[in-house]
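Number of protein chains: 2
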Amino acid sequence: MLELIPLIMGIVGMLFVALIYYLVNREEPGTPEMVAVASYVQEGANAYLKRQFYTITVFIILIAIALGILEGDIPAGSFITGAVLSLIAAYIGMNAAVRANVRTTNAARTSPKKALKIAFWGGSVMGLSVVSLSILGIGLLYLAINAFYSIKSPQQLEMALHTIVPFGMGASLAALFAQLGGGIYTKAADISADLVGKVEAGIPEDDPRNPAVIADQVGDNVGDCAGRGADLFESFSDNIIGMMLLGVAFFSLYGLNGIMFPLLAESLGIISTIVAIFLVRESVKSPITAINVSLLVAGILNLAFFYVMAVNFLGHIEVFYAAVLGLVASLLVGMIIQYYTGTQYRPVRYIAESSKFGPALDVIAGLSMGMESAFLPLIVIGTVVSLAFWIDGLYGIAAATAGILSTTGIIMAADTFGPISDNAAGIAEMSGLGKDVRRGLDLLDAVGNTTKAITKGYAMACALLSAFVLFSAYLTSAGLKTYLTDVRIVNPQAAGVELANPFILVGVIVGSTLAYLFSAMAMQSVGRTANKLVDEVRRQFREIKGLLEGKAKPDYAKAVDISTKHALKEMISPTLITFFAPIIIGLIFGRGPLGSFIVGATIAGGLLAIFMINAGGALDNAKKLVETGLYGGKGSDAHKSAVVGDTVGDPLKDTAGPSLHIFIKLVTIVALTFVAFFPP
Amino acid sequence: MLELIPLIMGIVGMLFVALIYYLVNREEPGTPEMVAVASYVQEGANAYLKRQFYTITVFIILIAIALGILEGDIPAGSFITGAVLSLIAAYIGMNAAVRANVRTTNAARTSPKKALKIAFWGGSVMGLSVVSLSILGIGLLYLAINAFYSIKSPQQLEMALHTIVPFGMGASLAALFAQLGGGIYTKAADISADLVGKVEAGIPEDDPRNPAVIADQVGDNVGDCAGRGADLFESFSDNIIGMMLLGVAFFSLYGLNGIMFPLLAESLGIISTIVAIFLVRESVKSPITAINVSLLVAGILNLAFFYVMAVNFLGHIEVFYAAVLGLVASLLVGMIIQYYTGTQYRPVRYIAESSKFGPALDVIAGLSMGMESAFLPLIVIGTVVSLAFWIDGLYGIAAATAGILSTTGIIMAADTFGPISDNAAGIAEMSGLGKDVRRGLDLLDAVGNTTKAITKGYAMACALLSAFVLFSAYLTSAGLKTYLTDVRIVNPQAAGVELANPFILVGVIVGSTLAYLFSAMAMQSVGRTANKLVDEVRRQFREIKGLLEGKAKPDYAKAVDISTKHALKEMISPTLITFFAPIIIGLIFGRGPLGSFIVGATIAGGLLAIFMINAGGALDNAKKLVETGLYGGKGSDAHKSAVVGDTVGDPLKDTAGPSLHIFIKLVTIVALTFVAFFPP
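Chains as they are written, first to last, in my numbering: chain E, 28 to 707; chain Z, 28 to 707.
Keep in mind that a hint or two might mislead.
Identical copies carry no separate label here, and so any pair may be met within one copy or between two of them.
Subject to a maximum C-alpha distance of 27 angstroms in a straight line, what follows is the list of computed DSSO-like cross-link-like pairs (lysine-lysine) [as the list claims (entries may be wrong)]:
(1) Lys225 with Lys578
(2) Lys179 with Lys77
(3) Lys572 with Lys661
(4) Lys225 with Lys383
(5) Lys592 with Lys383
(6) Lys585 with Lys383
(7) Lys651 with Lys578
(8) Lys572 with Lys383
(9) Lys312 with Lys585
(10) Lys383 with Lys596
(11) Lys661 with Lys225
(12) Lys141 with Lys578
(13) Lys559 with Lys383
(14) Lys667 with Lys383
(15) Lys479 with Lys462
(16) Lys580 with Lys77
(17) Lys225 with Lys585
No lab work stands behind these hints: they were computed from the structure.
Kindly produce the complete structure, drawing on both the sequences and the hints.
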């Protein structure tokens, strides 16, 4: 009856989601002005999600039909389940976020600690939904394949498990829509709100007279919140599926337990996530302590579960060591990113200093620091891969990844906390609340910035590592030579992914360069969408009489609509390219070159992502540093330069960078899904 | 007596170098003011080269001693020969360039066509020196190993040939100094001349009152001219050496002729280079026709030589097909780059249009176009590698590369032509010549911009392909599994570079991420050096009375000295990292992971290089496009934005980007040189 545990835990998780949602929603939303502003954001977010659902539904139906014809009903069902559950998680999470934001603002009027709790709990709806729905979905599919197929041998089991893979592809497709579409939306709105509002019309940030201000707020939710949620839903699911597939290769060592292990271990993670969420209370001393304690407890509880599972369930302590390794690595990557993007360290200080010499040197400094910042995290990840493999072979690499991912729920809560506080501050500004409230919310913002560095590094490490796990699963599924450990090699005589073979080498080249094309398309989409929105905002300033004087209201909905429409339109070509490239490579060149294509896309994409995300983060914080009064403070030439740098960094850190995480996983899971159709 | 042909052709080439140098130098240098300005540039360039020689000598001696102890006298001698010949080529080439510049200016006073001839011939001194000295050096070393070693079997021949490999390492080291040091120098000088002169003091570009103006002119020579010369000297030498080593693996097919082929084919290329140089004459209709005809004739002659050699010497027509493929590919890459950086096409127009919306959107557009531009060239290179391998195995890939490189001499002439015309325009400005002269020189500049796109793509394709050839030579030398063709595999049972092995995968990760670290260091070096120079220029404006009024002269030498000192200092850490990283990886992880490290560094470095070079080029031309009057022309907000974009692009396209070419080859050749010391 072990198979029922994921189901039960998934349901328990969702019950707690409902409870937390209720607790947050029960709080007072504040003055009528605040409610009005918040409802604009809610409507905008819903309008975006609705249209996104329609667009993605077309893709889902087409791909599901294709899968149904090519692979059968269960794969098609898996695919639909993955996509739909990812969308539901995003829908629930965003709904909670756009309710928590105004309640956070309202709580900040009396108690910053309470504001913290609401923002964090609001975020934890997303976090807990992501892990619970993923486990529920995969758990159900696992029951389904056991019921539908007669499984008598590991080979049959592998074939049956392979029908779950499209779950990950569905999740991936939904994630690409959420992260790329959301990323284009949020940055286009942000850039045009700043460009026309702040620069041309000379009104402050988050001013209600700015027609793009609501779109900007909505963007925070659809990009940061729904986007990252879908990203982690996918990493989380991919790793469970990949590790289950690897479990078949390790069948002689662990039996069925090796296959059940990831599902069960992550199910237990739901318990630690719930405990950790409720540790964030008003009674705790300071906001940052509250969150730190919560993260720490979640980590320790998860390790304890891993220890018990490794010793008693698998009878193999090495899996625990690998999980520890994974958690330590994610911590290290978080610290490195904090060094490169924190205002108190050399890199950001260097960028801020460069802004004295004009915008160009500010940007150059930011880009160079972003590039430098890619070095150490990748070395850490390389070390984890090597050590985990040395400790416990391929299963060890998957276990290290599982170790990191066991904290997904609580990390996601801490991450969604960021856009909620950001929104809360915006609502305070737009509803004309006093400076006191803003000060309380600025405190939350500072906390948010610290946790953001950690969660971004976390998402990056998860994306890369789960892509490597999927790559390993691909190797075994493709019947290519696979190194289970140094000495145990499956299919030693089979073709492999041997770089000495020029066709394999070319696979790496093509995969790598595709990551550049994808990034370019994402960045250009932001530019084009922003151009459309700039025109609209200018039109409203020009045509709506009395708008600048505050006598008339701008047409927020129109701005939201334009952003939505173009963001979703722009997203289609990159999605199609990412989806079809591995299929084309696989059909023409076969399984080996497709394997190296995946490696090229993963490594080039991973490096570009971390470069972009950190360059953008560092440029953002350099601007904030100058705003504290350095080199002349706000309004100085240095500040103007730093603002340019910040804007350059925006599409890097919020559109192209995070979307690359999905790109990496999508190409890999498409290859894994269709592997049977490619020539060996 | 075939072995004597390279020697003879090398000597013939150098005699023509002397002749052309004499012909250029015999021209009138112009008015005393022009001679004075030119002599400042000459002195500055010599001061830089002198100090660079001292710095590099320390490295050369240390490495030569180490090589002498570890591998013997001949490898140490090869290394010294490679480094010294590269330096001599740069010295001769730069000396010709700083004499040709003022004579070009003077000729432009009467005849633009004559100006073109002088500029092109001045550049061809560099071009012809590079190929002649490379062939002379390798030819001599080949005679030496035949004299010193008793060679009776292919194995002995391979060991003997391996002692020539350090020639490439010497060339690589010299190239890194020239390209990285020169790149830091030129961009630091450029940025500070603009920043303090144009922006702060409000004086025009190339104004003689600007203390950094001479450093800026010197920079054009040490960066663009000496740097690219050393880059191509290395690619050219590396490919001959790599192909000779591969010849051993193909001994059973081609015998000794397969080893002699690259040396002889490239020796014949000297003839076509000389013919092509003398085709650029005053009697030709238009400047662009003159250069196009010259390039075309060189290409056709080289193909004819390849055909004769392939059929009569090797008895294997496939080698000719591969060479055709290589030449076509380099043409395609040049056309793609022209599309992405030419003012008449969509990408640059899009960037210029974005500059209307401020500097940030200009930079974002430039970066995204740079990323996009990496896609097609890499697809072309991937296709060449695949097709050449399909046609004639590994030897085919080397032959395709040899086909491209056979035009090195004339391409380098066309490339050096650029900085010479640039300098000529600067000299005209500083010596107060009239608008007529400038107009004539602007014509040359336009020609230079067109040829530059081709030569940059050319250098990139050469660097990448010769790195792949070296990688193949590494595989055979390391005794790893090597795919000579699809069916002929050397050491099929040996360990390989199998990506399914996680340690090999980690090699790719580490190699890739090192390319990012290297780029970051290069960019930061420019920033730091520029900061020092900015301080000095400001000091001179402050302390030298009457400087701005034109009554006193600035201290050019001091500015040159500061640039020189810091550029060379900044270069040391990146050089050490690039040199020691492959040694450390090889010693710790062994030959397989070192192989994948090379692949990672090559592909990541190649992608970054093309992204940076094209982003910078496109941003530069977008600025020039706005200067033609688009979106308000000079002085408009769009122009200011475009200037910021241009400055951001500067260190990308002239420092980090081209230096990555050397980085790629240096890590590979260091691995190849020391392969015997790494565990299998």
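How do Lys141 and Lys578 come out at 27 angstroms by Cα distance, when the copy is not named: within, between, both, or neither?
neither (35 angstroms within a copy, 70 angstroms between copies)
Classify it for me, Lys580 with Lys77: is the Cα-Cα distance of at most 27 angstroms met within a copy, between copies, both or neither?
Classified as within: same-chain Cα gap 25 angstroms, cross-chain 69 angstroms, threshold 27 angstroms.
First find the shortest C-alpha distance between Lys383 and Lys596 inside one copy, then the shortest across copies, and answer within, between, both or neither for a cut-off of 27 angstroms.
between (39 angstroms within a copy, 24 angstroms between copies)
At most 27 angstroms between C-alpha atoms: does Lys667 with Lys383 qualify within a copy, between copies, both, or neither?
Classified as both: same-chain Cα gap 10 angstroms, cross-chain 17 angstroms, threshold 27 angstroms.
Given a CA cutoff of 27 angstroms, do Lys225 and Lys383 count as a within-copy pair, a between-copy pair, both, or neither?
Intra 21 angstroms, inter 16 angstroms, cutoff 27 angstroms: intra and inter.
Using 27 angstroms as the alpha-carbon threshold, which applies to Lys225 and Lys578: within, between, both, or neither?
For Lys225 and Lys578, only the intra-copy Cα distance (19 angstroms) is at most 27 angstroms; the inter-copy one is 45 angstroms.
Within, between, both or neither: how does the pair Lys651, Lys578 come out at a Cα-Cα threshold of 27 angstroms?
For Lys651 and Lys578, neither the intra-copy (32 angstroms) nor the inter-copy (44 angstroms) Cα distance is at most 27 angstroms.
Within a copy, between copies, both or neither: where do Lys559 and Lys383 come within 27 angstroms Cα-Cα?
Close across copies (14 angstroms), not inside one copy (33 angstroms); limit 27 angstroms.
At most 27 angstroms between alpha carbons: which applies to Lys179 and Lys77, within, between, both or neither?
Classified as neither: same-chain Cα gap 44 angstroms, cross-chain 78 angstroms, threshold 27 angstroms.
Up to 27 angstroms between alpha-carbons, please classify Lys225 paired with Lys585: within, between, both or neither.
within (20 angstroms within a copy, 44 angstroms between copies)
Alpha-carbon proximity between Lys479 and Lys462, which holds within one copy, between copies, both or neither at 27 angstroms:
Close inside one copy (25 angstroms), not across copies (57 angstroms); limit 27 angstroms.
Checking Lys312 and Lys585: alpha-carbon separation at most 27 angstroms within a copy, between copies, both or neither?
Neither. Shortest intra-copy (44 angstroms) and inter-copy (59 angstroms) distances fail the 27 angstroms Cα cut-off.
The structure fails hints 2, 3, 7, 9, 12 (numbered hints given earlier, in ascending order).
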